[in-house]
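Chemist: Quick note, the sequences are listed as chains A and B, same order.
Reading the first sequence from the start, the letters are residues 394 to 552 in this note's numbering.
Reading the second sequence from the start, the letters are residues 394 to 552 in this note's numbering.
Incorrect hints may have been included.
Identical chains blur together in the list; that is why a pair holds if it fits in one copy or across any two.
The calculated DSSO-like cross-link candidates involving lysine-lysine, where the alpha carbons are at most 27 Å apart (straight line), are [claimed, not checked]: (1) Lys434 - Lys500; (2) Lys500 - Lys401; (3) Lys434 - Lys453; (4) Lys531 - Lys482; (5) Lys434 - Lys503; (6) Lys499 - Lys401.
Calculated directly from the structure, the hints in this document are not laboratory data.
Number of protein chains: 2
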Amino acid sequence: MECEYFDKVKDYGSCLAESRYWLILLAPDQRNLGTCVVALKRDETSLSGLNDPEWLDFSKIVEDLESALRTAFPVTMFNWGCLLNSGYKKDPPDAHLHWHLIPRYKKPVKFADYVFKDLCFGKSTMHDRSDFPSITDKVRREISDTIRMHLKYLNRKKV
Amino acid sequence: MECEYFDKVKDYGSCLAESRYWLILLAPDQRNLGTCVVALKRDETSLSGLNDPEWLDFSKIVEDLESALRTAFPVTMFNWGCLLNSGYKKDPPDAHLHWHLIPRYKKPVKFADYVFKDLCFGKSTMHDRSDFPSITDKVRREISDTIRMHLKYLNRKKV
């Protein structure tokens, strides 16, 4: 799938969908099944820089993604975060505005022969993401296809 | 300061300001100087439930708070998160929609004879909040007054 602006944010994951202002990526770390990144499709370093159409587009994505993930998987609740820490590891900083969406699961989830466990459920903020087991490309595609099937707002081309 | 809806969210901190739809609180944990909570002034458990006026009001608060905090303190950047984990520790869950705003500092900050250190700067997501040193009520008031002095959007009564 070809997505506008993808080259600038390809480290955040594989392309899942796009709206007019945002790109939705399936995160490399799938310990929490369905973990996504929502990245702005223009250069911007802070939330203060978003304009009203970008906020309202984002709000529709929140609704659509939460609904699709709840339909696809037995999600208990969601964490949303705009952290930007990794961009400030560099000097000078090189931040690009993006959101993390982490579905949280009270119980382990079986999907495509993997068991996904949310070891920090209810206990902590978003977990340490430095070390995570990989899944095959085939399973990654299955996760993307399953989420995509349930999207509504984001399935309308360039909403 | 009296704030609408405060009784329901008083565990999140002390009242700093309010807009039409949101209440801004100074968080109990001030390890990161100026840490705030932005709580919705009605019962709601997930981001999907916000309507357009509430999103746009929130976007103005993001701009106003980030600007006020940058003017008041030498903030390097900000973490924003809507996690809601603590509400799911309970069974049945008892979540109330709120955002964490954590200013992040590259260097230690001296304020009112305290030195505030951001030990996780650039390294991690929002830190473990279970154990933090307390500051006096007087210093808490000084932090609140300093932030309040620089608010614009939120200083207009019931914007």
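Chemist: Take the hints in turn and mark each one as holding or not.
Modeler: Structure-based check of each hint:
1. Lys434 - Lys500: Answer is neither; intra-copy 35 Å and inter-copy 31 Å both fail.
2. Lys500 - Lys401: Intra 35 Å, inter 29 Å, cutoff 27 Å: neither.
3. Lys434 - Lys453: both (16 Å within a copy, 21 Å between copies)
4. Lys531 - Lys482: Result: close neither inside a copy nor across copies, 32 Å intra and 35 Å inter.
5. Lys434 - Lys503: neither (33 Å within a copy, 38 Å between copies)
6. Lys499 - Lys401: Cα proximity of Lys499 and Lys401: across copies only (26 Å, versus 34 Å in one copy).
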